Amino acid sequence: MNFLATSIESLGAKVTGWFTVGYGMFAFLATAGLLLLDRTTWNRATFDVVVKQVYFTAVQILHVFMGYVLVISWLIITIILSTARDFGLTAFASEMTIRVLVLELLPFLTALLIALRSGSAINTEVALMQVNNELDALAHCKVPPMQFEFLPRLIGGVVSVVTLAGLAGLLALLMGYLTIYGVSTAGFEPYTQTIAKIFDFTIMAGLIVKCALFGLAVTLIPVTAGLETPKKLFMVPVSVLRGMMRVFFAIVTIEVVSLALKYI
Amino acid sequence: MNKLHFKVGLFAVASLLLAGAFVVYLLHARGFFEDTFHLQLAAASADGVAAGVPVVFSGIEIGRVTTLGLNEEGGIVIRAEFMGRNAKWLRENSTFTLDKPIVGGAKIRVDSPDLDAPALPDDATVLLLTADISKELPVLVERVKAVLDNVEYLTRKDGEINATLANVKTVTGRMTGEYGMLESILGSPEKARAVTDSLDKTRALIGKLDGLAVKVDGMAGKTDQWLFAPDGVAEQTRESLAQIRLMLNDAQSSLKKADALMTNAVEISADVKEGTQDIAALRAEIDDAVSKANALVNKINKMWPFARDPEVKLP
Chain C
62 MNFLATSIES LGAKVTGWFT VGYGMFAFLA TAGLLLLDRT TWNRATFDVV
112 VKQVYFTAVQ ILHVFMGYVL VISWLIITII LSTARDFGLT AFASEMTIRV
162 LVLELLPFLT ALLIALRSGS AINTEVALMQ VNNELDALAH CKVPPMQFEF
212 LPRLIGGVVS VVTLAGLAGL LALLMGYLTI YGVSTAGFEP YTQTIAKIFD
262 FTIMAGLIVK CALFGLAVTL IPVTAGLETP KKLFMVPVSV LRGMMRVFFA
312 IVTIEVVSLA LKYI
Chain F
172 MNKLHFKVGL FAVASLLLAG AFVVYLLHAR GFFEDTFHLQ LAAASADGVA
222 AGVPVVFSGI EIGRVTTLGL NEEGGIVIRA EFMGRNAKWL RENSTFTLDK
272 PIVGGAKIRV DSPDLDAPAL PDDATVLLLT ADISKELPVL VERVKAVLDN
322 VEYLTRKDGE INATLANVKT VTGRMTGEYG MLESILGSPE KARAVTDSLD
372 KTRALIGKLD GLAVKVDGMA GKTDQWLFAP DGVAEQTRES LAQIRLMLND
422 AQSSLKKADA LMTNAVEISA DVKEGTQDIA ALRAEIDDAV SKANALVNKI
472 NKMWPFARDP EVKLP
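Chains as they are written, first to last, in my numbering: chain C, 62 to 325; chain F, 172 to 486.
Bound-form chain F, shown alone (with noise of 0.2 Å):
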């Protein structure tokens, strides 16, 4: 046996065998042992759709393009062919979605949702629909401008909110003064000295009211004695009432308006806690205080009950 020969035959046979599964493989691979499956695809504008441009479907390619042209009416075909193996991925629900990416070619995509409804039969006719990125990115980069614009607007140097949190840091830095929240509200320390001094004073008023109606009250007993006296004593007696009625009801007011102050503290330092209680003292202080003018008038409407309404409502 020729050695070489054998050598050279072995090659020939083992290169003629590979080409020839080779060539089996490739056309099994483009379909030539199967049937194909086509589609005519109506789209608006065949702008970016060329032979050639696959059709996928999960990223998988599964036909392609084979011609575009013209109907009758001016509407534009594209034919597509596929292999008879993938024309099961092609249903009645399926979309078809031409994609234009920024990077690569154009391709149509296929979308099933739901691989049990019907086939589409061969030769049907879909409608492509275009998903064109290169269109939206002008709108979107016009929006986006518009909110940045506003987003600009907004913290500018002198803008509203530069302005509320310089006022917030006020705030936050007039509370950590000696009278806390109330510095806070009212704006500076000596204001919220004011305050607190007005309600001792209120203290004060309050106690010399009391003495007030004890002399009332020894007077009542005298005005009993003097009321249908013929020297109309009555007529003075009741000229003085008057203006203590008058007196009594400036009391009621001035503290209302304390109690309303003293409501408004409370409701916007709902929750600081150290806040609240400093306001809590002053508010039983107010409460203590408006029961003993409430308790005043009650004994004076006692003796004159020319009022109605007697009572000093808090809120």
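Here chain C stands alone, though its shape is the one from the complex (with noise of 0.2 Å):
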């Protein structure tokens, strides 16, 4: 009777704890997007935070990222190719190949990318300015943190999977275009029909709104983590720890339901 009583205890604190970060995460969006909308935001100072969350975020790994994404194209495409003649259904070989690329892996993928190297960052960076009384000496010189320090994360976050996934995506048709009909105009026409078969408006909308989400997955979940950070520097690992298992389980969820929406 107790263990019992001891489980649905515990239950109940773990329902009531996803709660709390649930609303934590949404009324710090919706502060976010209020600042937003504020005209005082915009001014250069925050600009500039912006462009260099921008470059640490996107244009720094640009070229790595550019190269995995060519390799794993090449791979991918190769080996839908080879399946489908085997199959006997090369007409549907170049259409999955760009749903599997890019709307579905290459997104995916990019915002695993930016998770694991600025979204783990962030989130220590947070941690340990909260540790050290850093965010409270900020707003204490009237420099609030969530103008200087969160709101450009976020739009640094949203640009960079937008953009990257979408790069990607326009590497991978370029890619799936030369190894299905090599260097030639030849295949255009078929190959535009797909592609205009494929993207109808829904389509675009879908994909830049699943990638939107994607980038603000990846940096909102890691600034509130690390504001939940007790003041304590051992808790800073455990912050980030926490952090990075709800970002995986954000963007797997995006991705069900973004395939969910499209397919069921």
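Read the hints as simulated data drawn from the structure, not as lab findings.
Given the structure is predicted, the values throughout are model-derived calculations rather than measurements.
Yeah, the Cβ is synthetic: ideal placement off N, Cα and C, and Gly gets one too.
Mixed in with the good hints, there may be bad ones.
Beyond 10 Å from chain C on every Cβ pair, some chain F residues (computed) [stated by the list, open to error]:
#, residue
1, Lys178
2, Gly230
3, Arg262
4, Gly358
5, Lys362
6, Leu380
Partial selection, computed: residues in chain F whose CB lies under 8 Å from chain C [claimed, not checked]:
#, residue
7, His176
8, Phe182
9, Phe193
Please assemble the complex out of the two chains, which come individually in their own frames, going by the hints.
Have a look at this one:
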């Protein structure tokens, strides 16, 4: 009896914890959104931080990222093509390639890469600032952390993921054309037909919204996880661990929901 | 110059340009910059057709089904949309067929046998034919089943083909025996031997007939003297001569039988070279015998011209 009561109590605590975290995240997002609408937010200093954030999240890793996209696109396109040929379904190969790579796999991998590289860094940084009372100090010096620390990171994350996923998609489209038709213009018409068939307005809008949500997830969740850190140095790794787990679940959830909306 | 800002600026400009180019390309691909061309397809059944079903020409998609519904008379009207640049493939003699393959989705196939024919006007109504392979399959399977049943019946254990093959085997086996073709036709070496023996006997008989004819010659001389004698020898002679004639007729008919037999043998063995050579030799013998018999009959007839047809004819 006692065991049952304890189990129910611990479950209740967990659910309350999830709600608290969820509420904290959405409250933070709402504050950031409201701040975004405020005209005073858009000054030179904020813009500089946004540019820096975009540089460190996207531009700095661009060549590595594109090389990685090149390799994985070529591999997956080749596998899909040879399998389709074996089963006599070549007609569906280009559509399959575009759907798998451009719509699903590349945005997902981009979000994972940004989460691992920038998300973890943001989480650690915010947690350390929280532990070292730097955020309070900034607020005291009339430098609101939301405007100069957090909001630029959110914008940078969203811009980076959307842009990188877009560039990766374009590169994959080019790779797909070259792998299927080679260096000739012969396949331009049918390939254009396939692209036109796949990318209607809803698919394009859905892709952009999905990438933006990915970008938000890989920056918003680490920031809120960092802010939750108790003011003890040894709690910083725990905060990063929790933040990263939440980012992973958020990315998977967004992907699953997008797939369900698209194909069910 | 701030290097960091320059790089971010370059990144932003390149990304925006690429995104803009892609959007323009996409709009072009989706036919945003050109007119659309519409067709109405009248079909007996809309089974398998839905909005989005592609219309293909030579395996390339040139349009899609946009809507489908019923008209006032209860007929099915399928509306398809084409891009302006693809309208040139639609001619007045084009046929539209609904293809429902076993693997893959349904599609409407356009065949334009003559691309010089006048173009279809916008919003024209054409007939949609159906080529449903899944409906044809059961019929095909039934027919194949019937064919297989026949084959099975023909090749059953005690069937005609087996019996025929067994007979052919027996015949060819006999052909390799001592009497060759003759044995294969007659069935056993004993019967073949009987035929050759009877030929030998015929030859001997003809020899005897020759002798008899000499005697008859002698008798004829005497008969000439006695023929008109008053003691009635002619009566007796006539009776005995009638008997000779019967004998000769018998010989003639037996020769005819042998000859008919040989003719059949020659016909059957027409393309068996060795057999034909054997038979040819036999035939020569028979011809010889027959001509001798003919000569004999002629001689007799010269003396007693009461026969109308004195010749033994060979077929």
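The hints, checked one at a time:
{"no.": "1", "hint": "Lys178", "verdict": "5 Å, violated"}
{"no.": "2", "hint": "Gly230", "verdict": "8 Å, violated"}
{"no.": "3", "hint": "Arg262", "verdict": "20 Å, holds"}
{"no.": "4", "hint": "Gly358", "verdict": "61 Å, holds"}
{"no.": "5", "hint": "Lys362", "verdict": "66 Å, holds"}
{"no.": "6", "hint": "Leu380", "verdict": "87 Å, holds"}
{"no.": "7", "hint": "His176", "verdict": "6 Å, holds"}
{"no.": "8", "hint": "Phe182", "verdict": "5 Å, holds"}
{"no.": "9", "hint": "Phe193", "verdict": "6 Å, holds"}
Violation of the numbered hints given earlier is confined to hints 1, 2; the remaining hints are satisfied by the structure.
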